[in-house]
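**Q** Chain residues, written in single-letter form:
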Amino acid sequence: MAELHVLGQLKSAHNFQEKFSLFCRYSFQAGPNWTIVGGIPESQTISAKPDYTKTAIWAQSLDVHYVTRGIQGWPKLVLQIGCLDSLGRTWTVGYSCCTLPAVPGHHVIEVSCWLPTATSLTDRIREYFLGGSHQLLHSDIINIGIDRYKLKTISKGTVELNIDIILRNFAQFGVEYK
Amino acid sequence: MNVFNRNNKLTGVHWLKTSIQNIEINVKLKPREGIMSLPTFEDYASISKGKVIKSLKKIEKQSFKWQQKVFSLWEIVRYSDVHNCTTDVQIDYHNMLNETEFQPSKLFSYIHNDCHRPLPLTEKYSLNNIINLEKCFSALNFNENPTADLSTDASSNAYLFKSQDSINNLEEQWTSMHIVLDDSEYNVDKQLVFKQEATLISLYYNAATNCLLVSPDANDLDMNPYSVESNTGVPLGFEYAVEIIFDAAAENTEELVELLKNLQLKWEMKHKSLTNFVMPPIGKKTYLVTLEILTATNFEMNNVYIEINFRLPEDLQCSDPLRRRTHISSALRAEGVQEWHFGHQCELAIETTSILDTPSIQVFLEVISTDWWGRHRTEGYGYTPISLDPGFHNKTLSCSRPEERNEIDAESRRFFVGGCHLLKDLDVLAKPQLQDANFKYRSTGTVRVRWHVVSQLICLTFQHHPLLAMQQAVHNTNLLGLSHYMNFLMFVDPSR
Chain A
2 MAELHVLGQL
12 KSAHNFQEKF
22 SLFCRYSFQA
32 GPNWTIVGGI
42 PESQTISAKP
52 DYTKTAIWAQ
62 SLDVHYVTRG
72 IQGWPKLVLQ
82 IGCLDSLGRT
92 WTVGYSCCTL
102 PAVPGHHVIE
112 VSCWLPTATS
122 LTDRIREYFL
132 GGSHQLLHSD
142 IINIGIDRYK
152 LKTISKGTVE
162 LNIDIILRNF
172 AQFGVEYK
Chain B
448 MNVFNRNNKL
458 TGVHWLKTSI
468 QNIEINVKLK
478 PREGIMSLPT
488 FEDYASISKG
498 KVIKSLKKIE
508 KQSFKWQQKV
518 FSLWEIVRYS
528 DVHNCTTDVQ
538 IDYHNMLNET
548 EFQPSKLFSY
558 IHNDCHRPLP
568 LTEKYSLNNI
578 INLEKCFSAL
588 NFNENPTADL
598 STDASSNAYL
608 FKSQDSINNL
618 EEQWTSMHIV
628 LDDSEYNVDK
638 QLVFKQEATL
648 ISLYYNAATN
658 CLLVSPDAND
668 LDMNPYSVES
678 NTGVPLGFEY
688 AVEIIFDAAA
698 ENTEELVELL
708 KNLQLKWEMK
718 HKSLTNFVMP
728 PIGKKTYLVT
738 LEILTATNFE
748 MNNVYIEINF
758 RLPEDLQCSD
768 PLRRRTHISS
778 ALRAEGVQEW
788 HFGHQCELAI
798 ETTSILDTPS
808 IQVFLEVIST
818 DWWGRHRTEG
828 YGYTPISLDP
838 GFHNKTLSCS
848 RPEERNEIDA
858 ESRRFFVGGC
868 HLLKDLDVLA
878 KPQLQDANFK
888 YRSTGTVRVR
898 WHVVSQLICL
908 TFQHHPLLAM
918 QQAVHNTNLL
928 GLSHYMNFLM
938 FVDPSR
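Here the protein sequences come in this chain order: A and B.
Under my numbering, think of the first position of the first sequence as 2, with each following residue one higher.
Under my numbering, think of the first position of the second sequence as 448, with each following residue one higher.
The set of hints was computed from the structure by calculation and includes no laboratory data.
Some hints could be false.
Stated by the list, open to error - With a Cα cut of at most 30 Å, we get these calculated BS3-like pairs of lysine-lysine: (1) B:505 to B:464; (2) B:512 to B:477; (3) A:179 to B:887; (4) A:12 to A:179; (5) B:477 to B:516; (6) A:55 to A:12; (7) A:153 to B:842; (8) A:179 to B:719; (9) B:475 to B:508; (10) B:871 to B:842; (11) A:50 to A:153; (12) A:20 to A:55; (13) A:153 to B:871; (14) B:475 to B:512; (15) B:516 to A:151; (16) B:477 to B:508; (17) B:505 to B:637; (18) B:553 to B:516; (19) B:456 to B:505; (20) B:842 to B:887; (21) B:842 to A:55; (22) B:842 to A:12; (23) B:516 to B:505; (24) B:456 to B:475; (25) B:553 to B:475; (26) B:842 to A:151; (27) B:842 to A:179.
These numbers come from a predicted model, not from an experiment.
Let the sequences and hints guide you as you build the complete structure.
**A** Structural data, given as structure tokens:
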């Protein structure tokens, strides 16, 4: 069995236009060959209020240990950014996904986020005055690279990830990764 | 009120799966730890400290088979003289001692023929006599000590219970055996001065029901030792433990071997399922390519999406779709720059028979904008070759669109119609020599992409696959033509 150890930090969010506190729900997704033997693959960061540079710092530590029976279905990190307003309401302000690097070592990754837009005028007016957003019914669409050109989105900010990758025993099975 | 019973000895009943002859009784005896067991000053002065402590913890172990006669010292002395032997059993013992030299043992046994203790009575309670619950409980004898019969002195009247002279009872079901500690005192001439025996274990076997009554039952020497007591209940300063092995003959043989075989089979299956790594077919190499379309910048129109086309060489096979489209993205304006975010993942699992050469694939991007009317217009084309070298790569692709050489024509077309001339064959981007001379290309924006490549080749050492070894040698000497020939040989005729 080959092993992949993901260590790192879900560091911060940049350039989100929302003035409320931001938080991030994240989950590691991988194919059926991959099994988590340690760490928490799904969690949520703290809510952080953006500063004057529109940067919200989370510094959420990541630590996941995978064993795998094949390279197919390499793990991905799926992000769902939400905001918490002063009334305690939360809604989603961004989705994103990034594939974990296959090269061992330290990586700084910027993940670009997007959000489905309101398609009708009434929805836009409602969002403007009452807040809230459109959400995806099936979150699989975030990390599956199928055609999604019928989905209208608005670009949101970016999330910064600092990730360290440790690979073990892949070379024994003839896997080259660098 | 419950009366506290200091005696921890309980009788056990065991139904035997195999013959009674297979059982083995192990007895462990050790001195009770206490102030009386400490060595005297004289002992301590003559022996070093370590040896004294070692002697204190000395545990005697002795094994007995069913109906195995072990003699004590006084028995050997008594039965050695034929004048002391009156019964047939004693004469047999005399003969045994004459034929074989028996060593006296502190732990010895009384077998069934010794008639050391009375046999258990098989009482039958009739249900007719039990009228109410109290009588039922009294019939069950809960208040009776199961080991009470052990505390009675049976040495003097042992032969009164049964004798070889008496008529054999055909209904006799019980067979007994007793393991006894000889704590007697002897003089220098091995003559008995003071006889003291303590019965450690009594075993009764019922042939009719095939059950074995063990009194007291098996225990642990450290956790729950039994105290050695005289027949009058006086502790003799020893503790002991009983262990019974019911199938001593077969324990280490067939059943154990079968169990180990099953365990090994289970372990191998588990190990195989855990270590069975998904490998490519022999002679093929697989690549896992993950391309991420991250952002697009500096395009003129808003609401854009990107169409991705992959072109693979002929010797690469891929079952994944080679044409993908991202979602439509509205721009994010930050610091005066428009940026479209996609975060679109494209995964390709590619298989090739060319093991040693590193192939490359072509990626064509077409940035398309949509307007309020639902019209789609191409904003620019981008192209990059991706070498399938394993690793992690970032790249910013410049996009351009073809437009007329005459600038007025181009601007007016762009203003009134929008979009650009479409390329029928995207190979034009990869091969500039195919470009139409009537058009020029204008830069329109950039697309940032990221990809990583992982490759896998089955782990065959070159000794196992001579063709691979030859191909490696050929490759090393840069004999390209011969290398292709070897490729051809290997994969056209795998039997070679």
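**Q** For which of the previously enumerated hints does the structure constitute a violation, in increasing order of number?
**A** 1, 3, 15
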